[in-house]
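Asks: Listed here are the chains, written in short residue letters.
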Amino acid sequence: MNRATLNSDSKIGVTRRQFICALGTFSCLLPDTVFASSKASNETDPILAGRPLVRYPEKTDLILLTSRPPQLETPKRYFDRAITPNEAFFVRYHIFPIPTNVDLATWRLKIGGLIERPMELSMDDLKQKFNRTSMVAVNQCSGNGRGHLTPRVFGGQWGDGAMGNAEWAGARLRDILNQAGVKPAGAQVTFKGLDKPSAPTVPEFVKSLSIGRVLEDPNVIVAYEMNGQPLPMLNGFPARLVVPGWYSTYWVKNLSEIAVIDKQFDGFFVKTAYRIPDTPCGCIEPGTQATRTVPVNRMVVKSVMATPANGAQVSLGHSVTLNGVAFDGGYGITEVLASTDGARTWQSARLGQDLGPYSFREWSYAWKPARAGESRAMVRAINRVGESQPLEPLWNPSGYLLNAVDTVDLHVV
Amino acid sequence: MKPPLRPIISGAFIATIICALAGLDARGQQKSITLPDDNSMAQLKAGRNVEVTRNNCVSCHSTDYIVRQPGSDAKKWEGEVIKMINVYGAPISEADAKAIIDYLATSYGPEPNPAPGVVPARPDKKNKKP
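Chains A and B supply the protein sequences, listed in that same order.
Going by this note's numbering, the residue at position 54 of the first sequence is 55; the numbering climbs one at a time, nothing skipped.
Going by this note's numbering, the residue at position 50 of the second sequence is 44; the numbering climbs one at a time, nothing skipped.
Hints in this document: simulated from the structure, not taken from any laboratory.
Owing to the predicted nature of the structure, the values given are computational and were not obtained by experimental measurement.
Among the hints, erroneous ones may be present.
Selected chain A positions facing chain B (Cβ under 7 Å, derived; list incomplete) [to be verified]:
no.: 1; residue: Q158
no.: 2; residue: T202
no.: 3; residue: A373
As a list, the in silico DSS-like pairs of lysine-lysine whose alpha-carbon atoms are at most 25 Å apart [to be verified]:
no.: 4; chain 1: B; residue 1: K77; chain 2: A; residue 2: K193
no.: 5; chain 1: B; residue 1: K39; chain 2: A; residue 2: K272
no.: 6; chain 1: B; residue 1: K77; chain 2: B; residue 2: K39
To give an idea of the chain B side of the interface with chain A (calculated C-beta under 10 Å), a few residues [as the list claims (entries may be wrong)]:
no.: 7; residue: L38
no.: 8; residue: S53
no.: 9; residue: H55
no.: 10; residue: Q63
no.: 11; residue: G65
no.: 12; residue: I76
no.: 13; residue: K77
no.: 14; residue: A89
no.: 15; residue: A91
Using N, Cα and C, we set each Cβ at its ideal position, and we do this for glycine too.
Working from the sequences, and respecting the hints, build out all of it.
Replies: Here you go:
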C-alpha cells in the first residue's frame, strides 16, 4: 500500500542531510526524514478539504488541525489495519508550551499526596522496580468525528483520524501506588504532565481517576513503550498514562506528577470540560443544553471504513474489498456489518485477529458490485453486550462520543 | 432522493517548508524536538477589526483554532470570547471583546447553505434499518 510519500520538491537549495549537519547541535544520526514540505492533504473527507499535510518531529505526514498547541490528525487510510504506527499516531495538546526537551537523567515521576512513602521514580526505577506489562489499546480523542456533527459545534473539527491503536508497555499504576502506600483517606488520583499553561490564569492540564478504579484495574498503566519503542515526544515521552477503554483525555502525556487526594478533583479539565449529558446516550436534543453532566468515560462502539476512500471508483462486476477497523470501550467487538446499498441491507463482515478487548479489530467485506452508478457503503459494529452505532449522529453540545455509522460513497463504473 | 455526491477535488500546492527536527542521543536518554511555526495558511480573513482580533488571540494560540471553527452568529462567538476571558484569563478589554465578536460574526458568520466542505446528509430515513 502506498503510504504517505514525502514531496521532494524542496524549496531550499540544500539537501536535508546538509542542513541537519550544518546545525551542529544534532549530529548526523537522524535517519528519519525530518523535513516536510507543506501541501494540501488529498483526504476525501469534505471536512478535511484544504488542510495541509505536515511532518512534525518523529512523525510522518499528518493532517494539520492546529499548530499551537498542536493537533495532528491521522489520515484515514491508516485504519486499514489494527496497529497504528507511532509516526502516524495522532497528536493533541490542550495548553502551550508543550515539552520539547526531556533528559532521562533528570526526569522523575513524582508520586505524592496522601501516600505513606512519597517517591520520585526515574525511568530506570520504573523499568526495574515494577513488573512490565503490556496490552493493545485504542487511544481516541473524545471529540473524534466532531467535524461531521450537524448542527455543528465549536471545538477541534476532527475528521475520523483522532484515534490510534498501539501496544503499550509499562508499569501497572496500582503496583506503583501499592508500593507508595495509599492512605485510607485517598479518594482520587490526579495526573499532571510537563505541558504548561502560557499564563497563570490558564488552567493546567490535570486529570483524575477514582482510587477504586486505579487500584482495581490492572490495565491502567504508566506506559514507557509504544509499539516496542520509546514514546514519541508528541505522544508522551518519556511516560504517559494508559487508561484502556476510556477516551484519551485521561491518558495524560509526558507524565511528571501523580498525587492522591481526599476529595473530588475540581480542576477545569474535569469539572467543566470533558463532560457529557447525564443521559443514557450522553446525547440531548440538538441545540439545547444539558441540565446535568458527568465526566466523559468509557468509549462507545465505533467503526470506520478505511478503504475504499470516499468518492472512489470501483469496477462493475469485479470484487472489491471494503475494510477498516472496529472497537469499543472494552467489551470487545463480536460482529461487524457492511452495507453497500445505503443501509437497506446488511451483510456480515469478516473479522481479523483478536488483539484483545481494547484493541482495534480489523474487518473486511468482499463486494462484487452488480449495478453501475452511485453506491453508498456503510459499516456498523456490535459489541459483546449488544451495543452498536446509530445511523445518525447523537448530538451533545461538545461533540463527544460521536459514533454514527461511517459512510463512503462509491462510483461503480 | 439521495443527496448528490460531491466531486472530490484535491489541490496540491507547496507552501512554506516546515522545518521539523528531532534529536535523540545514542542511548535514547534524552529527547529533544523543535516545533514548526504556526500554520501560515490559516491566516485570519481580512475584515473590520481583524487586527485587534489577531493581537488579542495569537499570544496564546495559533489562528487555526479560530478559522477551523464552524461559521457562527454573534451570540455563539460571544460565548467563545467570554470563555477565553473567564476560563483562560485572556486579558481582553471590554472594547476589544466587542470588536473581536464583531469581526468573527462578520468574517466567520453562519453559512446560509451548507458549503462544499459539509458532510452530506445521512441516508434516507425510510431506509433506517436494522
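Asks: Tell me, in ascending order, the numbers of any earlier hints that this structure violates.
Replies: 3, 5, 7, 12, 14 and 15
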